Amino acid sequence: MDLTKYFENPKFVKKMKNVGKAALVLVVFLDLFSPRHPEHIHVESDKWVGFYAFFGFIACYIFIVVSKKILGRIWLYKSEDYYD
904 MDLTKYFENP KFVKKMKNVG KAALVLVVFL DLFSPRHPEH IHVESDKWVG
954 FYAFFGFIAC YIFIVVSKKI LGRIWLYKSE DYYD
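For the numbering used here, add 903 to where a residue sits in the sequence shown, where the first one is 1.
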């Protein structure tokens, strides 16, 4: 079964982006109702609604950029005639 036809389909990509956006909104919404434990809050930013969702999103974005741009091009990149 060839899955590339699904991942290259613009309708599927748009649907998956919408699902991802909905998941992010759901996480922030559920954060409104999650209990806060004062003994675990050491920083003022922990009291912001959606702080952990935003922090996780930014951290994952940085991981992706670092792995693709820096590691991929500098360390993992091989020239065309590397295996010849």
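It is possible that part of the hints are untrue.
Stated by the list, open to error - Derived DSS-like pairs: lysine-lysine, alpha-carbon spacing no greater than 25 Å straight-line:
#1 Lys950 to Lys917
#2 Lys924 to Lys950
#3 Lys908 to Lys971
#4 Lys924 to Lys908
#5 Lys924 to Lys981
#6 Lys908 to Lys918
#7 Lys981 to Lys920
#8 Lys908 to Lys950
#9 Lys981 to Lys971
#10 Lys908 to Lys920
#11 Lys914 to Lys924
Hint data in this document are derived by calculation from the structure and do not stem from the laboratory. Nothing here was measured: the structure is a model prediction, and the numbers come from that model.
Structure-based check of all given hints:
no.	hint	verdict
1	Lys950 to Lys917	violated (33 Å)
2	Lys924 to Lys950	holds (23 Å)
3	Lys908 to Lys971	holds (23 Å)
4	Lys924 to Lys908	holds (23 Å)
5	Lys924 to Lys981	violated (35 Å)
6	Lys908 to Lys918	holds (15 Å)
7	Lys981 to Lys920	violated (32 Å)
8	Lys908 to Lys950	violated (44 Å)
9	Lys981 to Lys971	holds (14 Å)
10	Lys908 to Lys920	holds (17 Å)
11	Lys914 to Lys924	holds (15 Å)
Consistency with the previously given hints fails for numbers 1, 5, 7 and 8, ordered from lowest to highest.
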